[in-house]
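Protein chains in written order, with UniProt numbering: chain A, 1 to 453; chain B, 1 to 355; chain C, 1 to 293.
Since the hints were derived computationally from the structure, they do not count as laboratory data. By construction, the Cβ of each residue, glycine as well, lies at the ideal position given by its N, Cα and C atoms. A few of these clues could be false.
[To be verified] Calculated pairs, PhoX-like style, for lysine-lysine (alpha carbon to alpha carbon, straight line, at most 20 Å):
1. 127/C x 290/A
2. 134/A x 357/A
3. 212/A x 187/A
4. 134/A x 451/A
5. 442/A x 174/B
6. 391/A x 353/A
[Said to hold, decoys possible] Derived list of chain B stretches under chain A, where covered just means 3 residues or more per stretch with a C-beta under 8 Å from a C-beta of chain A:
7. 163-173
8. 315-328
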Amino acid sequence: MNFIDSFKRRGTVSRVAAAASLTLALTAAFLSTAQAAGEEYFPLQSYRVGPYAAGGSGFFGGFIDYMNLINKRDGGVNGVKLTWSECETEYVVEKGVECYERLKSGLNGAPAAATNPLSVGIAYATLDRSTADKIPLITINHGRTDSTDGAVFPYVFPLQLNPYSEVSAIVNYIGQQSGGLNQLKGKKIVVLYHGSPYGRETIPVLDALAKKYGFELTQIEVPHPGNEQGSQWLTIHRINPDWVILRGWGVMNPVALKSAQKVGFPANHIIGNIWSNSEEDARPAGDAAKGFISITTHPSGTDFPVIQAINQYVIKPGNGNLKDPARFGTVYYNLGVVNGILNVEALRVAQAKFGNKPLTGEQVRWGFEHLNLDDARLRQLGAYGLVQPLKLSCADHEGGGAVRFQQWDGQQWKVISGWVQADRALLRPIIEKSANAYAREKGITPRDCSKDI
Amino acid sequence: MSSPDTTLSAPRTFKPYPQQRPLLKVWLAAVLVLIAFVVVPVFGNDYWLNAILIPFLVLSLAGLGLNLVTGYAGQLSLGSAAFMSVGAYATYNLLVRVPALPLAVDLLLGGLISAVVGALFGLPSLRIKGFYLIVSTLAAQFFVEWIFTRVSWFSNDDTSGVLSAPRLTAFGWKIDTPAARYLFVLGVTSVLFILAARLVRSELGRRWMAVRDMDTAARVIGIPIGRTKLLAFALSSFVTGIAGALWAFAYLGTVEPHGFDLNLSFQVLFIIIIGGMSSIGGNFLGAAFIVLLPILLSNAAGALATVGIEAGQLQNLQKILFGTLIIVFLIKEPDGLARLVQTVRNRLRDWPLRA
Amino acid sequence: MGFFLEVLVGGLLAGVMYSMVAIGFVLIYKASGVFNFAQGSMVLFGALTYVSLVERHVKPVLAFGVTLGALVLIALLIGRLVLRPLVSRPPIVLFMATLGLSFILEGAAQLFWGAQVHGLDLGIDDKPLNVGGIMISQFDIFAAATAGVLVIGLSLLTNRTRLGLSLRAVADDPLAALAIGVRLPRVWAIVWALAGFVSLVAGLLWGARLGVQFSLSLVVLKALPVLIIGGFSSIGGAIVGGLLIGASEKLAEVYVGSLLGGGIENWFPYLLAMLFLLARPVGLFGEPAVERV
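Go ahead and model the full structure; you've got the sequences and the hints to work with.
Structure below.
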């Protein structure tokens, strides 16, 4: 008995000692001695693990590679080098918030320029904090639709495409395919959406569009995560619509395509949205994905000068961020590159006003709001055809609202259309109404966008 | 033969153990209160307050709630996140729709609504026993997630079902800085913990433990099993609901229904297993473990990243480590950290006296 | 009427897929008395290993063999390192241990094979068959046939062989089995290996259905209601439970769901399981527990 007791005691004491030394060692990790003053910092709330890891690793891979390109080829943005650090969120909101709090104050003296969490949940949770801390929150191709109204949301930027624009553009494309928007009357469209805030966000605007153009709309929900869609697709089969709009996420996408095949619904009448448009969404479905159409704000592929430059300056010397080099030029990777282009361009624009030095979040916000990428500038950047022309302003934090359509041929995506614009004029009043309601609820006074702040 | 010492020597005065010295206890408590209520908010930085201390306190409270029904009353519940969700949405609706009510009343009512829902989903416990009971709370878990996404009335007609934290004010004091939020959470948590500590030492607490240990015998001696179990669910959900409201408004700032998912329920269950079931202090220990360990590992990961191990791999290693620690804990110290701490204290107490 | 039959048949076939996962649980519960939450991760690990080997140009049969070996090894390690030390603990502790285990397996799977999404092609063209006006999926029929073969094989094993006899003895009363000379560790090892095999088959079928990726481990959440209805310790019960859950879930989603706005598939099986439990606390085929004061 004594022996066992003493063994346990030794065990306990040694456990306490181990815990203490571990704590000490790890606290030491908090202190780092490298100096990074004179650099601009991008905190990366990345996710490379978990159910959405494919998207995360592609996006952040592209983003990091682009920043490396700027550093290596150009020596930074007007001499100010870019630096970053990653904090794994696993797409979990609490972790995203903790990462934000940990990294928001900068890295070794380099101030944080903007956060790019690529997650609706984390964006919602850090929205108020970002505004209070004056750090821009970039939600490219997604986010809170009403954050397009920069008067109420000065620090949130749903760049390029917000959810309303996305569905409006799809409806416009369907109209084009049917021979004109007036031909939509009487057609049947089913929207299959993911059972989450992201999926439900567009329900009212789709109803509005259905009322305007007279098509029969059915919106069907797929409960998260979307592993099982048999009954939904049987219902679709019964309705027999002309088109199905797929607003999926993660595993829901390949399962949708496979379930469609099971009921014999043709893949080339399924249009996926911006989060159902990657290789990782189509490939697992195998044959069932052939002919599947989706939207994209940027084509995949490596033909663009900027992508070639990344290959030359970053990938070939062996500094590429992607583990699997075959993913170079895929949809998520290119999205990361586009995101990098936009973030860096905002820095450039802001530096033109505030000086060639590391900028604070507030100054970077000014840069984003005065972003003006026209064709000429895109050619200079080597991104003509990759990025759409964008013009942001205080009132308009989206700037674009146009998409192209691509089709999966079994191996890759092929672009099948030109730029299709969303009906932003129709959407703007809805967005402003929602933004003003938010402002009232929170007690915020909207900015006066006629003044250049 | 020497004469025996027949005079009675004065009895040796024993130095009483700290447990028997009430004054020391009061001093210790006062110091703790001073540190928690004064030193931390004044000297604490944003990161520690926002990302470590507030979730630590809220998770301890959630653990306390679960402990009441699972640790003390022995009724398994995997639906803690669902009850947190009910509390959060209830408090939100009260805050937004009935602005006349003060925050404290909103929290209380939110907790009460959560208690009612908890008792409802606890009804099956009157007939189902043991492991099978988790089906009832799992049904609650999925149902609550669904209904808050589906019925937009609960989220003030936001079609997405997302709540955005309204402005919190208590007695005219605006709660919008990290220090203010921390103090608010600390206050609510302290009050609930003190109440719970008294509750488990009361008649009801003893009844719970009787039901947990031998419910047939408890019935035989006249304890009303049904009522006892339902009260366990109700009171547990009351505490958990308030924890949920704090989680939503004092910590995250916005919530969506899927934020209160099964993973969160598992987290709370881990807290009470690691901290110690049927222990009050154990909830703090468990919550500290759950909150701090991933952050410590993540920070270490940051340091190791410079060595050349990439972020994704480290995250996987962290998951493996976490799972291993849980198993090791379950094998080595089944009564949780609370028992471990007690053992250490006992050893330290005995150590100077070891022969 | 045709539509109703389509939904029903589709639901039954989906239910067979749930049963496949549930059978793995039943095997482990019979042998070790624990609800193995890590089963989902084992399914994921198996599918991921197989697919990654095949993508590296290993012949499918060989890949199957190697994966099976790996799963069996993992199952044995689990039995030895995790379940043995926890042998007399309450079920909740065992459950938590398997939860921890699922973290380890998920982390390990992604550590070795990465977080990519893979397609899994079993060579079945999933064009729908038209049987008497009702559409049935070829893949689902294949899955049902596989499940049938598996169940027949397992029941032959349990009822006609010596090993099966030892298995039933151990499941019934481990102490008594020990007393008559049944080698407990060996029986446990074999059962866990069998469970590994079943996981691999389930993993391949589910992987072909969903694509091989992280969410595969979530199938375990559908298995629990199946087990509750069918009883934790009966393979036949797992099949019946699966069919019931699959059919009712689909029918409810289509007919009741349209009234409630859809998306009820997640909680409906649990509601059903709960109602079942209220009526029959040990499931359809489960064994009633004896309670003592």
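Quick rundown of the hints versus the structure:
As the CA atoms of residue 127/C and residue 290/A are separated by approximately 13 Å, the hinted pair is consistent with the 20 Å bound. A threshold of 20 Å between alpha carbons decides the hint, and for residue 134/A with residue 357/A the separation of about 18 Å falls inside it, so the pair holds. Under the criterion of a C-alpha separation no larger than 20 Å, the hint pairing residue 212/A with residue 187/A is consistent with the structure, at around 13 Å. Simply put, residue 134/A and residue 451/A have alpha-carbon atoms about 19 Å apart, close enough for the 20 Å limit, and the pair holds.
Restraint check: the Cα-Cα separation between residue 442/A and residue 174/B comes to about 13 Å, which is no more than 20 Å; the hinted pair holds. Distance hint between residue 391/A and residue 353/A is fulfilled; the C-alpha atoms sit about 17 Å from each other, no more than 20 Å. Note: the region 163-173 of chain B has 4 residues with beta-carbon separation from chain A under 8 Å; the three-residue rule is met and the coverage holds. With 3 residues having a Cβ less than 8 Å from any Cβ of chain A, the region 315-328 of chain B passes the three-residue criterion, so the hint holds.
Figure legend: structure checked against the earlier numbered hints; every hint is met.
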